[in-house]
Amino acid sequence: MERKKIFSYFIGLMFALLLFGLLNLNLLQGAKFRRLSDGNCIRLISQQGSRGNILDRNGELIVGNKISYDVMILPQDLSQVDRALSAVSRILGVETGELKIAFKKNFVSSSLPTTVAGNIELKKAIMLEEYKVEEPSIIIAPKPLRYYPYGSLACHVIGYVNEIDRWRLTKLEDYGYKTKDIVGFGGVEEKYDYYLRQEEGGLSVEVNHRGKFTRVLGFAPPRDGKDIQLTLDLGIQKIAEENLSGRKGSVILMDPQSGSILALANYPNFNPAIFVNKRSTLIAGLFNNSDAPLINRAISSSYPPASVFKVVVASAGLELKKINLSTHFLCAGATMVGSRKFSCWDVHGPQDIIAGIAHSCDVFFYKTGLLLGGQNIHDYALKLGLGRPAGFELPYEASGFIPSPLWRKINKFQNWFDGDTANLSIGQGECLVSPLQATGMMAVFANRGYLPVPYIIKAVGGLELEAKKKRLTPVAFRKSTFETLREGLREVVSDAKGTAYILSGLPVAVAGKTGTAQVSHGLTHAWFVGFFPYDKPKYVICVFLENGGPGHAASAVAKRIIEAMNSQGLLQ
Amino acid sequence: MRNSFLKILTIAIFISILGVLTIYSSTYQKEGSLWQDIYKRQILWIAIGLVCFFFISGFNYRKLWDASYFIYSLALFFLFLVFCLGIIRLGAQRWLKIAWFNFQPSEFAKLAIIIFLARYFSRKSASDISLLSGKFGIFRGLVLPFIFVAIPMFLVIEQPDLGSGLMLLLAFVSLLYLTNVRLKYIFILLISLILPLPFLWHFLRDYQKDRLLVFINPNIDPLGAGYTVIQSRIAIGSGGLLGKGWLSGTQSQLYFLPESHTDFIFATFSEQWGFLGSLLLICMYYLIIRQGFMIAQRTQDSFGKLLAYGISLLLALQVFINIAMNMGLAPVVGLPLPLLSYGGSSVLVTFVALGILVNIDRTRAVF
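Chains as they are written, first to last, in the numbering used here: chain A, 2 to 573; chain B, 36 to 402.
If you're looking for bench data, these hints aren't it; they were derived computationally from the structure.
Be a bit skeptical, because a hint or two may be false.
So, partial list: chain A residues that the calculated Cβ filter (under 7 Å) puts toward chain B [unchecked claim]:
hint: 1; residue: 12
hint: 2; residue: 19
hint: 3; residue: 31
hint: 4; residue: 34
hint: 5; residue: 35
hint: 6; residue: 37
hint: 7; residue: 38
hint: 8; residue: 41
hint: 9; residue: 42
hint: 10; residue: 46
hint: 11; residue: 209
hint: 12; residue: 210
As the structure is a computational prediction, the values presented were derived from the model and not from experiment.
For glycine and all other residues, C-beta sits at the position ideal for the given N, C-alpha and C.
From just these sequences and the hints, can you work out the full model?
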């Protein structure tokens, strides 16, 4: 009997083992197996919504979408595919072999439609759609594509769209981005991709072990991306681009009262549509071009500000009471700093501050700068928004650079000499400023005391953001300082010997400052930064021409822009 | 007395009904009248099985004592027939096509061997009516019965049906243990079986080797030999506590799980009825086997006793190996789950075996 007892215990043990196995599979690991089971039989056929539009401040379309049609084939069985392909080839006039290659390239699984031809004409799409009765495996899938009605207009502000790259994917995976997703590169498309981005919808279908469709489980409608309204004014943007065209450089127009960007143009530029059409030779050309057409020069590049920087030195001198309105320096064409001779671009005779600004007299500013010292100039430059990023919304903003004795000591273990101060006083040397920073600096004098944070987004998805975007940092200068500087900047234009006298004939009173930056090789960079109308400024304008010659050239461009704005009634 | 009859009958019918429901759910989406009719055929087999059950349960099992050599020879004959047909057709052959159905002799052989062994080990000495088996020497206690088992076992394994072959061997070892044959002999048998295993490895067919390797790690060949076990585990596990519901099992109905109505029917069942349903099913099997053991214990007649043990054992081993293999706890060998899996021979033999079991309990009072 002993053996029988042991035996029945043994059988009991076997059943206990079964129960343990059941417990482990169903309850402990149940969720995991449920997921695996769903993964076995549920497939998603995605449908894309359209990416958000980009509009100008008046609601006019800058970038939109147009529907393109893709021909897809649901490869349920092979003979059917061949028949469908020959039908498609007849209607599209493409060889069957070509379609077969495309089919093989794009094939994923027999439950997922495979694209054989992309971007076909509407007429042919309709013809194929009619053919569906005979060949139900043909699917015409409408797909929204980025559409640029004005070609390259505002391309640097907008950026372009392309397939997501590896680096971005690793960063964005957690936010639901997937391989082959179309995302923005550069500009608003990149920075606001999360809002512009459409939400993927689609069918979830059940398939069997061969991947064949059995039934539809559900449908989630795709959702379009949010529209983004920019502060750009399409009319002004067009004028800026037309007048810049052909010259390397950039133009910025900003509202000094708020900091909203009305126009931002760069040249050379590019047509974002080539990324949509996947014109690989043109794309390669863009990346290889030594003039770097993809760079947004206005915000991502910085240059020596030259005489434009004198505005900083002048305001620092007045604020720190190193000079006043009655201070006169004699310009004899050059001055000695230590044992070195620093020359002026002309012989100006006795100059006070107003004349010094108007004539852009170097000697006046060498002397003012030496009274101030390098550190003071650096500090005031930072107060006016130079040497640090302006906090603009678009990606890849350059911070520029303003040297200072302290920086020199810490980073280079070198001393700062008076010659460095003199160089800095006329915006040469290591000093670098981006056109956007120069624009912001000028806005302080236009609005008499506020450094605006430039912005370009007016509304996202219909939600007005301007009230939040408008951030004005008070610049605590005395009122008299602003008035003196403004007077000087006006004289630049109105004085017959002013460096931007060319702008005096305009129907609107312009004030501003020119700059001619010496570069190590090639022509000088040309600057004109100003504002108009003088009394109640509505616009700050910055024209920068890379290797564009003397400041006069930039003034001439500014003149044409303001003239065109006037003739189109934009100044009223 | 009638108690065990009713209990066994009720449980058997209950499990059979579950089986029909599960077979229906795993085949109703398949096209073709052959698939559509499978559950009807199963119902027919169950009906035939029930008729046999009632007939056998009223048929004195002692007559099997006399017929046991005949039954054994019959089983051997069928197996040999299958073996010859296999040679002629150059391929796997497990069935004999008789009229409109396929008869699987290995199912019948399992029962036949049990009857034969029960007869062999319950012989009594003429002098003092004590069982001879305790006094058997190594030849009569081990070698001779092993030869009797080894012949059909070889034929079954050659079919090839490794599962049923192993079943025969396990049943033999268990019965040896139960019949007071000296433990020493059993150890000798086990050792002589285990030692040549590494050599026997070379005699296994490739797919059998794959199955054994896959048992150790199913992921070495997830789309080949390991596929069934992986899918079966997914099916069982995805049932969760309450299951996906009848006719809603995606694993079995969308064909991810092969053999979902035969060897892997437990996975199909568990996917649809979940943990609770599977628990109930396993309990049902346990109850029926417990009944068998209780009958064996009650029976004074040593032939009846051994027969009852053997039949319960046969059920227990098949249920255990099948369910364990569904869960990936045992290597995949082709064994049906009694009463639940589709298959006429299996259903019929199981009902006949249960009929004998009931009859043992019924006849007990007569002696």
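Quick rundown of the hints versus the structure:
1. 12: Holds: closest Cβ of chain B sits about 5 Å from residue 12 (chain A), inside 7 Å.
2. 19: It holds, given that the least Cβ distance between residue 19 (chain A) and chain B is near 5 Å, below 7 Å.
3. 31: Check passed: Cβ of residue 31 (chain A) comes within 4 Å of chain B, closer than 7 Å.
4. 34: 3 Å, holds
5. 35: Since chain B brings a Cβ to about 5 Å from residue 35 (chain A), closer than 7 Å, the hint holds.
6. 37: Given a least distance of 5 Å, the restraint on residue 37 (chain A) holds.
7. 38: 4 Å, holds
8. 41: 5 Å, holds
9. 42: Since chain B brings a Cβ to about 5 Å from residue 42 (chain A), closer than 7 Å, the hint holds.
10. 46: Cβ of residue 46 (chain A) sits 17 Å from chain B, so the hint is violated.
11. 209: 4 Å, holds
12. 210: With a minimum Cβ separation of about 4 Å from chain B (threshold 7 Å), the hint on residue 210 (chain A) holds.
This entry does not satisfy hint 10, going by the numbered hints stated previously; all others are met.
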